[in-house]
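Chains as they are written, first to last, in this note's numbering: chain H, 87 to 383; chain W, 1146 to 1506; chain L, 1146 to 1506; chain Z, 4 to 315; chain S, 249 to 636.
Note that these hints are calculated values from the structure, not bench results. Here the structure is a predicted model, which is why all the values come from computation and not from measurement. Backbone N, C-alpha and C fix where the C-beta goes; we use that ideal spot for every residue, glycine too. A portion of the hints provided could be inaccurate.
Unchecked claim - Lysine to any residue pairs mimicking SDA-like chemistry, simulated, CA-CA at most 25 Å apart:
(1) 1312(W) to 1327(L)
(2) 90(Z) to 270(S)
(3) 1422(W) to 1435(W)
(4) 290(H) to 188(H)
(5) 223(Z) to 243(Z)
(6) 1327(L) to 1449(W)
(7) 1246(L) to 50(Z)
(8) 1312(W) to 1505(L)
(9) 1312(W) to 1383(L)
Said to hold, decoys possible - Just a sample of chain S residues kept apart from chain Z, beta carbon distances all over 12 Å, derived:
(10) 282
(11) 304
(12) 318
(13) 355
(14) 400
(15) 429
(16) 438
(17) 458
(18) 575
(19) 585
(20) 621
(21) 629
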Amino acid sequence: MEEARRPNQLFRNLNAKFAAIPMVLTALVVFVGGTIWTIVYSFTDSRLLPRENFVGLAQYERLWSSSKWLISIQNLFIYGVCLLIFSLVIGFILAALLDQKIRFENTFRTIFLYPFALSFIVTGLVWQWILNPQFGIEGVVRSWGWTSFSFDPLYNADIVIYGILIAAVWQSTGLIMCLMLAGLRGIDEDIWKAARVDGIPMWKTYLFIVIPMMRPVFITTLVIIASGIVRVYDLVVAQTGGGPGIASEVPAKYVYDAMFLSQNLGQGFAGSTMMLLSVLIVLIPWAYLEFGGKKRG
Amino acid sequence: MPSVVVRDVSLNFGSVEVLKSLNLEVGRGEFLVLLGPSGCGKSTLLNCIAGLLDVSQGQIFINERNVTWDEPKDRGIGMVFQSYALYPQMTVEGNLSFGLKNARLPKDEIATRIARAAEILQIEPLLKRKPLALSGGQRQRVAIGRALVRDVDVFLFDEPLSNLDAKLRSELRVEIKRLHQKLENTMIYVTHDQIEAMTLADRIAVMRGGIIQQLDTPQAIYSRPVNRFVAGFIGSPGMNFIEGEVVGGAAPAFDAGGIKVPLDRYEFGDGGARGGKAVFGVRPEHVALGDAAAAMPCQYDVEVEIVEPMGSDTLVWGKFAGQNLSFRVETERAVSVGDRVRIGFDPGRASLFDADGGERI
Amino acid sequence: MPSVVVRDVSLNFGSVEVLKSLNLEVGRGEFLVLLGPSGCGKSTLLNCIAGLLDVSQGQIFINERNVTWDEPKDRGIGMVFQSYALYPQMTVEGNLSFGLKNARLPKDEIATRIARAAEILQIEPLLKRKPLALSGGQRQRVAIGRALVRDVDVFLFDEPLSNLDAKLRSELRVEIKRLHQKLENTMIYVTHDQIEAMTLADRIAVMRGGIIQQLDTPQAIYSRPVNRFVAGFIGSPGMNFIEGEVVGGAAPAFDAGGIKVPLDRYEFGDGGARGGKAVFGVRPEHVALGDAAAAMPCQYDVEVEIVEPMGSDTLVWGKFAGQNLSFRVETERAVSVGDRVRIGFDPGRASLFDADGGERI
Amino acid sequence: MAELTLNYAQGDAATRADALAGPAGPKPRRALSRRNIFIYGTLIVVSMYYLLPLYVMIVTSLKGMPEIRMGNIFSPPVEITFEPWVKAWAQACTGLNCEGLSRGFWNSVRITVPSVVLSIAIASINGYALANWRFKGADIFFTILIFGAFIPYQVMLYPIVILLREMGLYGGLYGLILVHSIFGMPILTLLFRNYFTSLPEELFKAARVDGAGFWGIYFKIMLPMSLPIFVVAIILQVTGIWNDFLFGVVYTRPDYYPMTVQLNNIVNSVQGVKEYNVNMAATLLTGLVPLVVYFVSGKLFVRGIAAGAVKG
Amino acid sequence: TDLEVTHWWTSGGEAAAVAEFAKAFDATGHKWIDGAIAGSGGTARPIMISRITGGDPMGATQFNHGRQAEELVEAGLMRDLTDIAEANNWKEVVHPASLLDSCTLDGKIYCVPVNIHSQQWLWLSHKAFEDAGVPVPTNWDEFVAAAPKLEEAGKIPLAMGQQPWQTSLAFQVLVVALAGQDAYNKIYGDKDAEVAASPELAKVFEAADQARSMAAKSNVQDWNQATNMVITGQAGGQIMGDWAQGEFQVAGQVAGEDYSCLPGLGVNEVIQTGGDAFYFPVLADEEKSAAQADLAALMLSPEVQVAFNLKKGSLPVRGDVDLDAANDCMKKGLDILAKGNIIQSPDQLMSADSLTRVNDLFVEFFNNTSITAEDAQKRFVDIVASAD
Ligand SMILES: Nc1ncnc2c1ncn2[C@@H]1O[C@H](COP(=O)(O)OP(=O)(O)OP(=O)(O)O)[C@@H](O)[C@H]1O
Ligand SMILES: Nc1ncnc2c1ncn2[C@@H]1O[C@H](COP(=O)(O)OP(=O)(O)OP(=O)(O)O)[C@@H](O)[C@H]1O
Ligand SMILES: [Mg+2]
Ligand SMILES: [Mg+2]
């Protein structure tokens, strides 16, 4: 029997490798390259244009002594935690309600989902208006005679971030609900039957059986929400512009302002780097669990 | 004193009528198997009994109580599913106890019941594990355990063994049989595997298209199927069907392309020996070969086309009146493709069906 | 002149070694069945032969050509999958012609081949339908057709019948057997159903954990399994295993809790009759009852515990030396639970295994 | 239920008749059961929260300015006027241009269509390559890509300016299309990868035995089977790209400014009093395209999500 | 030749003013392609900078003159306008001269100043004070004193938009007006921390404290909405730049009758000479370069200056133009300009970076009542000490 030569490994699946070039380039050049570039220049005192004048950690020192940045971080934290909880809880409850074989399911689903089709600019604008104390809810309620009524989240520095949250929840829960609904539909019918035979009340079945079974859905959802949280910018700009004062600043806005408004790229890059770092801190354990775990299993 | 009564139950999914005015009585302590091809409504019927589906018409009684409108948990039933339907994030113990805790049973009562079920099913070492860490057979045992701890009179099984491989299936089959002998409660068991049906059942209900075709003991169904569908469904390897004509009269006979089979030993049904197109069915294991064939009332020569050794015995395929005919021989007997062999069978053990409706003649 | 040769093939998924330096030769026109429990590496081996997985080590020859690095399409193989893997958006005809069009065959050649395959498999009326509009059996026939039109020497089947119900399974099994007799090309067939393996195979390779345990004719594997695993895997209902001790010496015997079975008629392997713990295996169909038992060298009395009628015959379970023992009796013989019956068997047809390693003694 | 108890032992016709009188047929369900009130009640209340902004937008866009200044935002228009719509579409001014949104509409189309096509093409091929043709390092690139989904756009603004400049694509339509493709890639690739992974692997194997290559399998086998996930991808991308403001304004010149830039200009160039009615009309007009896409394909969206996002 | 010009002038008065440029430019046979980006400099500037650094520059672009474009100039991305300036004798005509200085780097001129914007104005609504029954104040202290009465009458004493830049503007105005010109120059120009810590500055912070309580109920976003409150008499006054004038004009109000203006809050009558300037990125296209030169020259021509600044409500950068049409307030401004009571704008004195920090502090202070005036001053001192 003749022997066959082993073909060059590099040229196996050549088409697949060829097709993956855009992805590889994007990953390497844009995401990795851009990240590294950002990190490197965060150690410089670049102003309007990047320049290689390294100043060590000065930008970071300044970053962490800036109350605007600290408020941004705090806001992001509040916003992130609340949005995560609200959109998951509301999204799940809505999905669970829609999953009860109800009538008009399509109508309700469309109602919950349509805000997702609108841009943040639009969302911000509409909610800014509804929450406007003069014209909006506060004004209307007062015109009914309840003159001491006060609901002005966008104009009250203490709660402005929650005002932004109202719009964010409005915009994002639709998608979450869809994801959850899809997840619920993927649950084995027999589990429900088993739980009914066991006489387990509906809410307990959801809480103790169904939700733990939807782990993959929750992970996907979490990735989607979390990526949106870190990037939140437009909504804040459209609703409050960071105000009142700096009460609703968020890191993405800080970075943007630093780079383009105060023309201090180095400072902006330092902020970016901190944001990327926090993303990594969240993502690496997840990636480890997802990918590392599978190989062993 | 029947344990489960299904009276005139119909069920529609929209415009599709899945169960058609179905009646069924299951005696106390009886093991009833619902057998039928996929989509015939077996699971639907079981779900109706369990209360997981609302019937469109009719009533259901369990232990002489009308439970038609009762919740599943109040019907005194336990159910085991094909896909096990274990709660994946709870340990085996959690799976067993979850329903009991919800019923607010005292702690020690729960513990006793779990201990008993675990002992019966021999899953004590698994109690602390999660379902994912169990093999298929173990999972199904836990699923049975979950029904067991409920301490109910009626057990419902929906194809509990279909997801297991052949070997495990036959092992667990025996275990279920033992369990039934020990517990002596009523069991209704859905399957589409006729071996399971035959070995487990006290009585079998063969279903097709939402209608029970025949409800009888395994032996009766095996030897006197009421129609061609039941005959073909029961028995493995399946019954041979030879198409031809019944020639009525004083000495009725079956004529298949010129070959005549005398039917004087055949017990005709109520209709008697009408003439007309018919199908003659004979089981492979009732066709004898060689010496045994000589003892049979009818004998013919056939040429061997395929030989299928199955270990314990061998299935041989030949042509009879131009139609496929299989018969079973012991493995020891050497039969090879191309041989001409003499076969014989007893029409008294065969079945005759109407060619059109498929009813037994 | 072997058709397929697998030489020293290993395959790892990451750190898991799924195939371990495996060797296999399949003769031209041979029907080889790969049999083994789930996860033993059957599909993996088949995929290596087909070129769908890259081997980690070793070589594969098909028709004496080293194809280790060839693309699947260049290996001269056709493959049939458990899930049919029909292209859902194409008609049956499209499914059949897809590979041929890829190979840029002339139009009329394609038409001829499809016509031939359709005729062989009797799927002519289905050619214009889409897979979704076919029943399971029809789908699998189309899947076979897709391999057929490729006009190759080697057919690979990966559990083609597992998704079908029992009845269809036995029908298609016969068809595949006929097909093999007609085409006379090499077939490698993966299954975990031992009945399929026994009936179809010229030779069976029993696998476990990525290693071929025994490669032999069905009859040899059935009657002289090399180890306890193979013995238990082959045969349905499964072999009975009785634990005990071999008492060596001039008149070797097997001692199970005091009950002695003389082993003078047993053919020991190369090691001879060593003493020590052992397992005695006897198949249910080799245990005789009543008159037949009287003719057997060993006879014992057992109490009937479970009776499993299977239609054609009945499986009876009893206790022998405190351990479960099953045996097969004809249906006609009335045996009921609680009876004491006399059984007999021939140690010459039994198997003896090492208690630890499970190797045949 | 005690009175309904049967006693077959007696075999008494009267008791049997009694039993027959018991519950039969489907369990009666009141339309206003507590469960239904709870479910529909909750859904309707929540729907109001979701519909309120839309209602406000529509109502306001149909009012005249005087009415807005006086009345409350929730009251329906006394006098319906379509003038704000006309103004938003064709007359609203930004700087010197008084063409309203119409100027940006076709630009948006010109940007959205090729961007959606290209980004989905690339992402679906990526997903397919990742799911079926795993090559060395594929997982690493994929992980990086997912990481990329978290990078705030603002952070990447500058590096991409440099990148586009070096490629000579800055300022044109192609550069913008490229940027949209890049930023759409992570989530889309994830969706497609999961979807293709959920398709039976044997199908892919069968096609390889049939001699189809990388592209053959992609076009002839995978594509025809991926309608649901394509719908999801199209919806996500149309929404995302149509609504994009930042990239549109940063990476192109005014000839290509999308509708959202006009929207921003209309909304943010305040001339005396804010013309809320025009703003709302402009907002609705801008959102119309994605909204229509949603309403048309909402059902497929859930199906596609179920197939692509949830598994894997 | 088509020339694209980007700017962020989109409000009513601003747009009308831009139209004057466009009209004049089109009249020369070229074509003005308008690249307006609404919002504010904050929205528009990143876009402009990206375009210039991205290698796809526009023909001309607005910046606040000062140090905002410094690095672009250093990087050689901006066109040297020295030849045009010499040909048109800008050195002579531009008044005050400091305007041209901020366009100059290493002796070369890179931008065209088009107007002078002074921020130091307090705009007062006559109607509001009438309604409250107090006379229209003439300086800051009177204004503060009148505040309670205004509140009683249901008015908001001080209108203030929520956008951060308005707050910081108000603060800068307070610094100049209350602490005086010298202190301002020392702090912003010399970054003198001692002055920043001085009692004068403490007064400023106190005034800011008062301002924030007076503006507490003002909850509009945009500056012109706040102006609108003054126009309609809902608010007593607004600290805003002279561009507010354009809004009063559009609303058909007359200075001195319907509203009054107090430069330097009526305390220190100074105005700053910051303003807008146009930069011309380096273009490869010869024709466009020529068009750029035409536009640059045209922007400083007397007629265009007048037409533009009248619409815009700002002061012309030429001392030699005739502004008969100017109204009351504008004339006040011109007077001060003539007297030479001028200061440079913070943009010209401080880097954008340091300025942002200062502004951020003001904004934070203004919106967070838990920060006391002393705290704020302390932090102000720190920033000034490290500023550049
Ligand atoms: N929820 C449903 N809506 C509509 N039709 C249904 C539904 N559930 C089942 N059916 C239909 O009812 C018929 C009976 O289904 P059923 O599940 O009872 O069959 P089965 O006998 O259990 O089959 P299998 O052996 O495959 O489990 C099938 O034709 C099925 O298509
Ligand atoms: N892609 C893979 N990555 C890692 N492990 C794999 C992969 N595919 C298969 N395996 C492992 O290889 C082993 C053999 O798998 P294989 O599919 O060959 O089994 P099989 O004998 O065909 O089983 P079955 O009867 O269930 O089809 C299994 O333990 C499986 O977990
Ligand atoms: Mg079923
Ligand atoms: Mg397999």
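task: Take a quick look at residue 304(S) and tell me if its Cβ sits farther than 12 Å from every Cβ on chain Z, holds or violated.
output: Violated: least Cβ distance 3 Å, not greater than 12 Å.
message: Holds or violated: residue 1312(W) and residue 1327(L), Cα atoms, limit 25 Å.
response: 32 Å, violated
message: Checking a non-interface call: every C-beta of chain Z should be farther than 12 Å from the C-beta of residue 438(S). Is that right?
response: 33 Å, holds
- request: Given the hint that residue 1422(W) pairs with residue 1435(W), test it: the Cα-Cα distance must not exceed 25 Å.
  value: Since the Cα atoms of residue 1422(W) and residue 1435(W) sit roughly 31 Å apart, the hinted pair is violated (cutoff 25 Å).
Non-interface label on residue 355(S), tested against every C-beta of chain Z at 12 Å: 30 Å, holds
- request: Mind checking the alpha carbons of residue 223(Z) and residue 243(Z) for me, to see if they're no more than 25 Å apart?
  value: Given that 25 Å is the threshold and the Cα spacing comes to 29 Å, the pair is violated.
message: Run the distance test for residue 290(H) versus residue 188(H): straight-line Cα separation, threshold 25 Å.
response: 20 Å, holds
- request: Take a quick look at whether residue 1327(L) and residue 1449(W) sit within 25 Å of each other, Cα to Cα.
  value: Distance of about 15 Å is within 25 Å: holds.
task: With 12 Å as the threshold, tell me whether residue 575(S) passes as away from chain Z on beta-carbon distances.
output: 18 Å, holds
query: Taking C-beta pairs only, is residue 318(S) more than 12 Å away from all of chain Z?
result: 18 Å, holds
field: Distal placement of residue 282(S) relative to chain Z, Cβ over 12 Å
entry: With a cut-off of 12 Å, residue 282(S) comes too close to chain Z, as the shortest Cβ separation is near 4 Å.
Least C-beta distance between residue 429(S) and chain Z, which was stated to exceed 12 Å: Its Cβ never comes within 12 Å of chain Z, the nearest being 33 Å, so this holds.
Going down the numbered hints, you'll see the structure goes against 1, 3, 5, 7, 10, 11, while the others check out.
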